[in-house]
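Position chain B relative to chain A; hints supplied.
There are 2 protein chains.
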Amino acid sequence: MDDDLKSTTRRAFLRGSAAAVAGTAAGAAAAGPDPLITELQDWASATGEGVDATPYGLPIEFEGDVIRRNVPWLTADPISSINFTPIHALDGTITPQGCAFERHHSGAIELRKDDYRLMINGLVDTPLVFSYADLERFPRENHVYFCECAANTGMEWAGAQLNGVQFTHGMIHNMEYTGVPLSTLLAEAGLDTAGDLADKWVYVEGADASSNGRSIPMEKALDDCLVAFKANGEALRKEHGYPVRLVVPGWEGNMWVKWMRRIEVMDGPVESREETSKYTDVLENGVARKWTWVMDAKSVITSPSPQSPITHGPGPMIISGLAWSGHGQITRVDVSKDGGMTWETARLGKQGDSKALTRFYLDTEWNGEDMLLQARAMDETGYVQPTKAQLREVRGENSIYHNNCIQTWYVNAQGIAENVEVS
Amino acid sequence: MDDDLKSTTRRAFLRGSAAAVAGTAAGAAAAGPDPLITELQDWASATGEGVDATPYGLPIEFEGDVIRRNVPWLTADPISSINFTPIHALDGTITPQGCAFERHHSGAIELRKDDYRLMINGLVDTPLVFSYADLERFPRENHVYFCECAANTGMEWAGAQLNGVQFTHGMIHNMEYTGVPLSTLLAEAGLDTAGDLADKWVYVEGADASSNGRSIPMEKALDDCLVAFKANGEALRKEHGYPVRLVVPGWEGNMWVKWMRRIEVMDGPVESREETSKYTDVLENGVARKWTWVMDAKSVITSPSPQSPITHGPGPMIISGLAWSGHGQITRVDVSKDGGMTWETARLGKQGDSKALTRFYLDTEWNGEDMLLQARAMDETGYVQPTKAQLREVRGENSIYHNNCIQTWYVNAQGIAENVEVS
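Those protein sequences? They're chains A and B, same order as listed.
Residue 0 is where the first sequence starts when you use numbering that gives the first Met the number 0, and the numbers rise one by one after that.
Residue 0 is where the second sequence starts when you use numbering that gives the first Met the number 0, and the numbers rise one by one after that.
Please note that a few of the clues may not be correct.
Same chains, same label: a pair holds when it works inside one copy or across any pair of copies.
Restricting the straight-line Cα-Cα distance to at most 30 Å, the calculated cross-link-like pairs of lysine-lysine (DSSO-like) are [what the hints assert, rightly or not]:
| no. | residue 1 | residue 2 |
| --- | --- | --- |
| 1 | K112 | K289 |
| 2 | K277 | K289 |
| 3 | K349 | K112 |
| 4 | K277 | K349 |
| 5 | K349 | K387 |
| 6 | K349 | K219 |
| 7 | K387 | K289 |
| 8 | K349 | K289 |
| 9 | K387 | K112 |
| 10 | K219 | K289 |
| 11 | K277 | K219 |
| 12 | K277 | K387 |
| 13 | K219 | K112 |
No lab work stands behind these hints, which were simulated from the structure alone.
The following block holds chain A by itself, in its conformation from the complex (with noise of 0.2 Å):
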């Protein structure tokens, strides 16, 4: 360890350290001679519970809190709706299932492997339908990605309205998902490669009552889309498309589409309900992008945040977060403690995948004082994030989907954290 940062968190700490004590529920004694000493942790007076007790666990009962969770004035029918990932509480980058947000447009449905069939036809040599154990013959491959939903962020265009960061920006999860390639399921129907790809589309729809059907242009679908079997090395849950899903990389969330059944080859886009009244942008004259599949790069403290206040005193203080492009890998993120005034380069937890959440830390000083923090990421294409007024004035306020811009937390002296908005 470097000696100068070593003897300066070291005094720091001390400091710091009796504050956070003196908090506790051991906070009493704290008064004693010598409280650092006297606190040494019990040793258990019992044995535990044995190895039979849970075969498949669940969170300690302590983490109760850490749970998805949904808004109910937000949609119409929890059947068609979604709930949010609990990313104040977490760390690291993956996502466990048990609490990776949901999106749903006509419920989650039960699929058994046995029933399970997925058709690719179309312009195709040979219409295939393949069983699971079909699936399972193919090479497969294992990759970290985010999924993250077009409408993540969206309550933010109006302003400041959700004041935790489960519901700002937790319709986002990022799992390791074993699959087999989209183009070698192609291939195996004997897709003609010959001739304008440019030209030809996938319409992938799933086995749910809506469908959530959706067009998908070659390119992308002979890129790096998987047809996904498992997440995180386990089945994937019911709620994330049991037994088969699509995996778009870098692409919206509503893209990859559930409980998959088919995959037809086209010389041209569906424009299905999905791709047109719902997952396009009004702009401020009424115009609706569509098309606009990619998220864009994107950041966020996850603490301090509001579901997540400063428990300390001054002094050491690690502000952390997470940080994500559909267009590749993360290359640095800033943090401001001042509203984006000055910017501070924070530190990446590791190296993150390409398109996978990236995990930064910014290991500073608290003074005690009231801060505007922010993050802003940049990706590997060169992209910085923009603030919320370089996106309106490119998009206005009319918008649901795709906002990615700068989010900001005011912490008050007591380590509130509130959202807010800086002009």
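Below, chain B alone, put in the same frame as chain A:
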């Protein structure tokens, strides 16, 4: 896709596919004029479950066999016992916490974050006790590491005894950990880094009734050990040491002290029960090797395997498995179908992290005849995983721990696999 591969795969697949479909519940339809077309997945006729149904989700009911399993006759009592990760049913590399193996010496205990204390004492300038909140104020890191019990595969020393890869190799999991480097906390307490660190050790104990104390040489303590509080993004589970455990990358799982309560800096090892009468390797001549901390390079085929038979006919087949090394990265995995006479080099799902699980695949063809399947791992040090005969030559058969030999599955013409030994 390569044209030769494409045509080969395709011809072969279509043979295999018919057989596969005939083997499914929908097999009857296969008698029809064009079964592959008539098999299209139905759309759901009703809406599914809403987003308010499961704030924290569990696997779908159809995956109810993908669970940790213990073997009652292995130990006298489940509070000092083990269970096994269902690696036969997982893919990719990440292990979900819910089905990651457990090993307790006096059961899994419950500790609240507010009550938690971690002491550092002994040969330091300033003995310190950290609260959980204190730990959150130090710079933290994210790393994916495997954790393998030293006794994993221990039942195989005496011969092929347990007929399932979950039981022969399932005392392993692989997670993304978030924590503070142990070196940072030792620096905070003022570890005297002058003098010969090679003479110094840390003794680490847990807050469970067994305490499970282990001595770790200072070089390792300062290298890559993490004081971890998150795994796969969320809090550690109760059974994995909530709220804080030690992560000792590449070293035997018993040293990854759970419910971590104290770190004492000493001028030598303690020679505790867990590093003398246990977790030492008795050789043929009765002499016991001690301080055998590193888990050497190892691999195993997870599918096909006794719990994961081949369910299709001849033709395309994916042989899948896991490889890992406590010395760093896996560089190559070979697979044999004839008990080690001939080998083919497998494809790595992706380059695994150092001291983390690496997934391998052999994309091959099954001729429908019986096989003696083996996998052989190599790591960045050039080490090659040994045969059982080679390992016994050096270690005898009295050992319990550190069995990293090549595993053999006999697969018959019906695709059924069993655990066997080859001379």
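How the hints compare with the structure:
Taking the shortest alpha-carbon separations for K112 and K289, neither the intra-copy value of 35 Å nor the inter-copy value of 48 Å comes in at or below 30 Å. In the homo-oligomer, the alpha carbons of K277 and K289 lie at most 30 Å apart inside one protomer (9 Å), although the nearest pairing across protomers, at 65 Å, exceeds that limit. Taking identical chains as interchangeable, the C-alpha atoms of K349 and K112 lie at most 30 Å apart only when they sit on different chains, with a minimum of 26 Å there against 37 Å within one chain. For the identical chains of this complex, K277 and K349 are neighbours neither inside a copy (36 Å) nor across copies (36 Å), given an alpha-carbon limit of 30 Å.
Within a single copy, K349 and K387 get their C-alpha atoms as close as 28 Å, which meets the 30 Å cut-off; across copies the closest is 38 Å, which misses it. In this homomeric assembly, K349 and K219 come within 30 Å of each other (Cα to Cα) both inside a single copy, at 28 Å, and across copies, at 21 Å. When the C-alpha separation of K387 and K289 is checked against a cutoff of 30 Å, the pair qualifies only within one copy, where the shortest distance is 21 Å, while the shortest distance between copies is 61 Å. In this homomeric assembly, K349 and K289 never come within 30 Å of each other (Cα to Cα): the closest approach is 35 Å inside a single copy and 35 Å across copies.
Neither within a single protomer nor between protomers do K387 and K112 lie at most 30 Å apart by alpha-carbon distance, with minima of 45 Å and 38 Å respectively. Taking the shortest Cα distances, K219 and K289 sit within 30 Å of each other inside one copy (16 Å), while across copies they are farther apart (55 Å). Proximity of K277 to K219 under the C-alpha cut-off of 30 Å is restricted to the intra-copy arrangement: shortest distance 21 Å within a copy versus 55 Å between copies. Proximity of K277 to K387 under the C-alpha cut-off of 30 Å is restricted to the intra-copy arrangement: shortest distance 22 Å within a copy versus 61 Å between copies.
For the identical chains of this complex, K219 and K112 are intra-copy neighbours only, at 27 Å inside a copy versus 46 Å across copies, given an alpha-carbon limit of 30 Å.
Of the numbered hints listed earlier, those contradicted by the structure are 1, 4, 8 and 9.
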